[in-house]
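Quick note: the sequence shown uses the numbering used here, first residue 3, plus one each step.
Note that these hints are calculated values from the structure, not bench results. Backbone N, C-alpha and C define an ideal beta-carbon position, used for all residues, glycine too. Any given hint could turn out to be false.
The list that follows gives simulated cross-link-like pairs (lysine-lysine, DSSO-like), each with its CA atoms no further than 27 Å apart [said to hold, decoys possible]:
no.	residue 1	residue 2
1	K138	K106
2	K123	K76
3	K76	K106
4	K123	K84
5	K84	K106
Distance windows between CB atoms, simulated [as the list claims (entries may be wrong)]:
no.	residue 1	residue 2	range
6	D9	N48	33 to 39 Å
7	G75	S39	31 to 37 Å
8	I127	P16	33 to 39 Å
9	F18	I127	18 to 24 Å
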Amino acid sequence: MTREELDRIAFDQPAFARLLGFRLVSAEPDEVLAELSVTEDLSNRNGVMHGGAIMALADNIGGTATMINLPQGKTTTTLESKTNFLRPIRIGDTARARCVPLHKGRTTMVWQTTITRGDGKTAAIVTQTQVVIDWKE
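Assemble the whole structure, with the sequences as input and the hints as a guide.
Next up, the structure:
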């Protein structure tokens with residue numbers, strides 16, 4: 003895949019990612035980086051980033067990482083996801099996500115996303131499995 007094709011796929015984010023405010027920072031086959039500003043709309047009643055928003059950030063970056071590693075004619079969807087919540091991320095902070103591969107196979111890919119807060123401390127670690135599927139129109 004050329005750099006142009008990789009960037010076209012990676013930076014063409016779905017509407018849900020745009021709704022969240024997902025910002026792709028960089029995309030390489032073995033590392034994808036993204037950010038998300040923690041707003042009141044993404045918080046829980048305790049004034050910190052909602053766990054579902056953290057999981058959505060990780061799911062989107064893992065899907066992006068898989069998409070840029072797929073052979074032509076294939077697509078993906080999340081098969082499994084596990085999240086360890088370690089620290090809260092307060093409103094006004096920025097969640098930073100780094101996604102790296104644990105396994106890139108023909109039928110599945112496993113990714114680990116580490117989400118950090120503005121102070122650099124780890125807030126969550128997400129491991130997800132993406133299934134590689136044929137796209138039939």
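Hint check against the structure, violated hint numbers in rising order: 2 and 8
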